[in-house]
Amino acid sequence: MDGLKGSILVTVILGVIITALIRKFIASFVKNYHLKKQKLLVLKARQDVQRHRAIVDFSFLGPNNLSDRLASRATPNGRLPEVFDIQNSFTTISPSIYTQSVTTARSVIQTTDANKWINLFHVAETVLGKIVNPLGELETPVRLATIVRPLVFIVMLHPFFSVEPTQIELGDVGEATEMINLLWVESKKTLRTDLHEYQERLQAALRRILPHCFPCLREEHPLNIIIPAYETMWRVVLLTYVSAGFRATDQETADQFRQVVKDCPRYFNNGIDGDLLEVALNFAKEGLRLYPPTKRIRRAVPSGTLNAQGGSHVVAADVEKCHRDTRIWGHDAKAFRPSRFRELTDAMKEAYMPFGAGRHQCPTASKFGYRAIITLVVALAKGLGTRDSGLRVRFNNAKLDEDLGEVLPSGRMDTEDWVCQLNSTEVSS
Numbered sequence: 001m002d003g004l005k006g007s008i009l010v011t012v013i014l015g016v017i018i019t020a021l022i023r024k025f026i027a028s029f030v031k032n033y034h035l036k037k038q039k040l041l042v043l044k045a046r047q048d049v050q051r052h053r054a055i056v057d058f059s060f061l062g063p064n065n066l067s068d069r070l071a072s073r074a075t076p077n078g079r080l081p082e083v084f085d086i087q088n089s090f091t092t093i094s095p096s097i098y099t100q101s102v103t104t105a106r107s108v109i110q111t112t113d114a115n116k117w118i119n120l121f122h123v124a125e126t127v128l129g130k131i132v133n134p135l136g137e138l139e140t141p142v143r144l145a146t147i148v149r150p151l152v153f154i155v156m157l158h159p160f161f162s163v164e165p166t167q168i169e170l171g172d173v174g175e176a177t178e179m180i181n182l183l184w185v186e187s188k189k190t191l192r193t194d195l196h197e198y199q200e201r202l203q204a205a206l207r208r209i210l211p212h213c214f215p216c217l218r219e220e221h222p223l224n225i226i227i228p229a230y231e232t233m234w235r236v237v238l239l240t241y242v243s244a245g246f247r248a249t250d251q252e253t254a255d256q257f258r259q260v261v262k263d264c265p266r267y268f269n270n271g272i273d274g275d276l277l278e279v280a281l282n283f284a285k286e287g288l289r290l291y292p293p294t295k296r297i298r299r300a301v302p303s304g305t306l307n308a309q310g311g312s313h314v315v316a317a318d319v320e321k322c323h324r325d326t327r328i329w330g331h332d333a334k335a336f337r338p339s340r341f342r343e344l345t346d347a348m349k350e351a352y353m354p355f356g357a358g359r360h361q362c363p364t365a366s367k368f369g370y371r372a373i374i375t376l377v378v379a380l381a382k383g384l385g386t387r388d389s390g391l392r393v394r395f396n397n398a399k400l401d402e403d404l405g406e407v408l409p410s411g412r413m414d415t416e417d418w419v420c421q422l423n424s425t426e427v428s429s
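Positions 1 to 429 (my numbering) are the ones given, in order, by the sequence shown.
Mixed in with the good hints there might be a few duds.
Claimed, not checked - Each computed BS3-like pair below joins lysine-lysine, with the alpha-carbon atoms no more than 27 Å apart:
| id | residue 1 | residue 2 |
| --- | --- | --- |
| 1 | K382 | K285 |
| 2 | K349 | K321 |
| 3 | K382 | K116 |
These are computed hints drawn from the structure, not numbers from a lab.
With these hints in hand, go ahead and build the complete structure from the sequences.
See the structure below:
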């Protein structure tokens with residue numbers, strides 16, 4: 001009997017051990033399966049990104065030279081010279097005009113002088129006060145875009161044209177920014193309205209704002225700088241400000257933003273709190289990731305080149321898709337989480353291209369773009385307010401007003417109905 005009991009006990013123990021081993025094997029198999037599956041997904045995603053990146057950096061053309069690259073970029077941008085009468089690095093096929101345009105931009109934006117950044121922040125504060133103070137007594141909600149557009153416009157004029165805020169009439173700036181927005185939107189339509197009136201109004205406003213720049217040659221027109229410096233930035237500033245200040249974020253992001261706002265512009269001083277400066281710049285980087293200034297970058301494939309395939313045509317790189325791909329950025333790819341930039345994988349680095357890629361990457365990609373964005377975002381948070389200070393933003397869109405985690409639309413006209421009440425913390429929603 002004792003032998004039988006012992007045999008049963010051994011059998012039970014062996015059964016338990018075998019069951020445990022089988023479970024461990026299955027768990028290991030499942031884990032390895034999912035790891036391999038994830039690696040395959042990331043590999044496929046990186047292949048997709050490389051195809052898009054090849055369009056952005058012109059390598060899809062095969063062997064090429066500067067003239068090939070300029071022609072490939074200028075063709076899809078052909079409406080811009082027609083509508084805005086400009087000739088800059090984005091629209092020209094002339095290597096000399098391209099070189100001069102890039103050199104002029106770099107002479108302004110490649111600065112590491114801490115005092116210049118601190119001064120630019122104070123310029124932004126002054127400009128915002130000039131915009132907001134006359135609006136404070138209004139009982140009706142104020143459109144956010146009508147605050148952000150002139151703010152970004154005037155602040156960008158300061159480093160590029162040495163213009164002081166006190167020298168500018170807000171009415172002229174409002175006219176110029178509205179006309180730029182209308183012209184840009186209309187220029188993309190197949191059936192355009194007559195743009196002559198808008199063009200005349202824009203040119204007249206610019207002559208009043210920058211009289212020392214006129215008369216000028218086409219390649220010297222101030223819009224050659226204003227379009228890339230202002231037009232591509234104001235929506236990123238607005239969307240980053242709203243995302244950080246009013247939308248649903250994790251606790252770390254909320255705490256970091258409070259600190260970034262509180263300590264600006266102190267961390268622009270070289271060597272002072274470099275960690276916080278990195279945190280601040282990550283907010284700009286995340287804004288550019290979720291809301292790239294150019295969602296799709298188009299290139300022309302000229303006839304006779306390696307990839308022409310029988311005729312000239314235009315191809316597009318989907319930058320927004322690369323920036324939001326869950327296979328690369330994780331399940332929270334559509335969430336605003338700046339801390340993700342603390343540790344980027346190689347796949348993330350490849351996918352991230354808000355300023356383009358390769359030899360024709362926008363000069364602002366070095367430092368200027370990130371610093372300018374966070375400077376303007378913090379100026380808005382300090383001067384206009386955030387959810388913490390009691391300010392509320394109404395989107396006039398049921399989905400956005402009810403779901404604070406919903407990703408924001410980023411088209412040029414999508415933000416026109418977003419409003420806030422400046423003379424009260426109470427805003428209907």
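How the hints compare with the structure:
1. Under the criterion of a C-alpha separation no larger than 27 Å, the hint pairing K382 with K285 is consistent with the structure, at around 20 Å.
2. For the proposed pair K349 and K321, the alpha carbon gap of about 14 Å is at most 27 Å, so the pair holds.
3. Restraint check for K382 and K116: satisfied, since their Cα atoms lie roughly 19 Å apart, inside the 27 Å limit.
Of the hints listed earlier, there is not a single one the structure fails to meet.
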